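Trainee: Chains as they are written, first to last, in the UniProt record's numbering: chain A, 1 to 406; chain B, 1 to 406.
Hints in this document: simulated from the structure, not taken from any laboratory. Any given hint might turn out to be false.
The list treats identical chains as interchangeable, and a pair is accepted whether it falls inside one copy or across any two copies.
[Unchecked claim] Derived DSBU-like pairs: lysine-lysine, alpha-carbon spacing no greater than 35 Å straight-line:
| hint | residue 1 | residue 2 |
| --- | --- | --- |
| 1 | K347 | K130 |
| 2 | K24 | K399 |
| 3 | K380 | K56 |
| 4 | K169 | K92 |
| 5 | K366 | K26 |
What you are looking at is a predicted structure, and each value in this text was computed from that prediction instead of being measured.
Residues per chain, in single letters:
Number of protein chains: 2
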Amino acid sequence: MDIIKGGVTAAKGFKAAGVYAGIKRKRKDMALVYSVVPAKSAGTFTTNIVKAAPVKWDMKMIKENETAVAVVLNSGVANACTGEEGEINNYKMAEAVAVNLDIATNTVLTCSTGVIGKQLPIDVIIEGAKLLAENMEESLDAGAAAAEAIMTTDTYSKEYAVAIRIEDKIITIGGMSKGSGMIHPNMATMLGVVTTDIAISKELLQEAISNNVKETFNMISVDRDTSTNDSLIILANGLAGNKEITEKNKDYDTFCEGLKAVTANLSKKMAADGEGATKLFETVVIGAESKEQAVSLSKSVITSNLVKTAVFGNDANWGRILCAMGYSGADFDPDKVDLYIESSEGKLKLVENGMATQYSEEYATKILSAKEVRAIADVKMGNETATAWGCDLTFDYVKINADYRS
Amino acid sequence: MDIIKGGVTAAKGFKAAGVYAGIKRKRKDMALVYSVVPAKSAGTFTTNIVKAAPVKWDMKMIKENETAVAVVLNSGVANACTGEEGEINNYKMAEAVAVNLDIATNTVLTCSTGVIGKQLPIDVIIEGAKLLAENMEESLDAGAAAAEAIMTTDTYSKEYAVAIRIEDKIITIGGMSKGSGMIHPNMATMLGVVTTDIAISKELLQEAISNNVKETFNMISVDRDTSTNDSLIILANGLAGNKEITEKNKDYDTFCEGLKAVTANLSKKMAADGEGATKLFETVVIGAESKEQAVSLSKSVITSNLVKTAVFGNDANWGRILCAMGYSGADFDPDKVDLYIESSEGKLKLVENGMATQYSEEYATKILSAKEVRAIADVKMGNETATAWGCDLTFDYVKINADYRS
């Protein structure tokens with residue numbers, strides 16, 4: 001597997017665009033991803049009962065149709081809690097793209113992100129759809145423009161791509177995502193689009209992405225708030241020329257591995273760029289007796305406000321980590337836990353069998369001062385492991401969210 | 001029912017003390033509550049798997065013994081994650097009080113709060129026990145000193161008392177508590193002691209307090225972090241002279257009502273004095289089809305970081321409230337929800353049937369600027385209701401917790 005440049009336009013036969021339509025702020029606010037041939041579509045979406053209009057649309061379209069051709073995305077307005085008018089506006093957004101690209105409306109998937117409860121400025125969106133069609137290109141720059149256009153409070157755009165080999169063919173998988181706040185994905189993330197030129201059946205594509213998110217997007221959290229708009233869409237257009245994958249053979253495994261490289265990278269970037277975050281905070285649970293246990297424990301640690309503020313303060317307040325494990329709902333023996341912290345500055349054992357070691361607070365602070373820090377908890381019950389990604393809780397998180405709408 | 005002055009010394013035959021022993025900071029750090037005759041004891045404790053030494057001790061003592069005579073409490077060190085040494089120190093703390101009061105060690109309950117993972121400075125504690133015995137008084141001032149001594153990051157001490165009438169007797173119920181951070185009680189709160197002179201069987205006393213917390217302490221949250229030390233202890237010494245309550249008759253109901261007045265008041269004070277909080281944020285769910293549904297929905301709203309920061313910013317960002325209800329796990333129809341905000345400044349309907357009304361943002365901000373604000377969500381499915389109490393998430397919460405240990 002090779003890491004390559006680009007995002008959604010890295011794979012063969014995908015074009016993209018990112019433009020300023022004028023929805024909210026003076027920066028790019030609409031994006032398009034387009035496949036030159038119909039692509040198998042799959043996706044995972046929010047489990048929140050309150051689902052945005054585009055989420056309802058995509059779930060229906062992906063279920064009813066074998067393929068999709070385009071994904072249109074906007075930032076600024078989430079089109080959630082907008083009733084029937086919101087659903088009509090969402091349809092109009094898909095339709096406007098379809099008209100400009102001369103394709104069927106039901107082959108256009110939609111994603112929105114931004115303020116909840118506001119209607120889409122539909123005239124602006126329709127103009128934007130035209131601009132997107134005019135600006136659509138196969139270049140990596142066009143993919144980058146799309147990634148930029150879906151940002152809200154993100155401080156940088158998020159793209160990643162890899163090339164894998166199946167048979168004698170080079171298969172490319174690339175993606176983009178946006179995150180920042182209201183990030184506690186449950187079956188999907190805020191907005192993410194992955195494109196690939198692999199030939200694969202729709203069923204296996206869906207299974208691959210559904211399993212994938214369990215270890216990637218569903219393992220990150222910025223603020224424990226599961227959004228109304230979480231959407232992860234994957235398009236596979238088959239242009240790599242491999243024999244279509246229709247069973248779970250080693251080619252399928254190779255694809256899943258490549259897919260995980262892309263989504264795990266985007267997940268980590270989203271966690272690190274959480275609203276107001278100064279650092280990525282990773283928690284690895286090892287020695288668990290089940291995957292489920294490892295997941296509960298690791299997610300409980302990265303979502304604790306008290307752990308997150310301690311990480312912000314570079315304070316090795318390990319009691320809060322054990323405490324968060326303790327209320328996770330997973331069973332374990334606190335008197336057996338070993339706990340380490342690790343970063344580019346080194347690795348330190350803070351706790352052995354549930355009690356503090358004679359560690360140096362000064363060295364602990366140095367380790368925690370890095371841009372990426374990791375806590376490792378060994379519960380000594382088995383061989384399962386899980387990794388969760390979060391970020392610190394800072395003054396800026398409060399600042400951003402106390403006046404997000406203004 | 002009459003609201004009266006005082007806290008744990010309001011009821012007949014209870015003495016208290018609060019002293020500076022020297023555990024951590026230059027302020028009162030040890031407290032004692034003492035009943036002049038053995039009192040029926042009951043309590044509820046943290047559900048966190050990681051339980052502090054005093055929690056383990058109290059659970060055992062309350063189970064094994066019909067009565068207790070004293071409760072000793074310290075702030076500064078939580079005596080959690082301290083292994084066998086921690087349990088020995090906890091025993092020594094109970095023993096020191098027993099020796100000074102000339103009572104059996106197993107009649108002394110213990111509570112600790114503060115930093116996790118540090119051992120109690122046991123010599124200081126033993127000296128403190130002596131001071132407590134010397135300073136113990138029946139006065140309301142002594143009760144107030146005890147309430148002050150258990151504070152950690154609390155900005156004010158929390159006491160409340162009521163008098164009720166059963167038969168021709170005046171029954172008094174008074175309590176104190178401390179909260180502030182790591183507050184998301186689950187079967188109990190950080191530390192609370194309630195005293196009453198009622199005569200009641202131990203079984204009914206336990207049942208009364210266990211049911212009570214479901215609507216009081218278990219309905220508050222500051223930061224979703226369930227502590228290792230949550231303890232709520234109630235002592236009933238029977239000195240009011242009523243005929244002992246041994247069945248669930250109307251006298252039992254009268255007692256439960258009085259008890260709820262005390263614990264609900266302490267709960268609200270704890271929420272309002274959450275770490276860094278500028279205001280109390282209450283969420284009332286009405287029209288629910290079950291109590292469980294109402295509880296899930298109301299707690300999900302008050303625990304959302306995004307809702308809490310919006311409340312801090314006086315921003316009527318109602319989409320976040322609906323979003324938090326949506327991921328609560330409880331089922332409802334988002335398209336039927338009506339949502340109001342209310343405070344001393346007025347009441348405003350923000351959402352009708354899941355969509356925004358034409359409300360004035362300016363007036364909404366005015367309502368949210370009060371010291372106590374309330375969101376009311378009507379899900380229109382039945383007649384059940386629940387109230388949860390939280391606070392806003394502020395710069396000061398981050399500040400306090402980024403350097404709590406230093």
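Trainee: Determine for every hint whether it applies to the structure shown.
Mentor: Verification of the hints:
| no. | hint | result |
| --- | --- | --- |
| 1 | K347 to K130 | neither (54 Å within a copy, 44 Å between copies) |
| 2 | K24 to K399 | both (20 Å within a copy, 33 Å between copies) |
| 3 | K380 to K56 | between (43 Å within a copy, 23 Å between copies) |
| 4 | K169 to K92 | neither (39 Å within a copy, 73 Å between copies) |
| 5 | K366 to K26 | between (40 Å within a copy, 30 Å between copies) |
The structure shown violates the earlier hints numbered 1 and 4.
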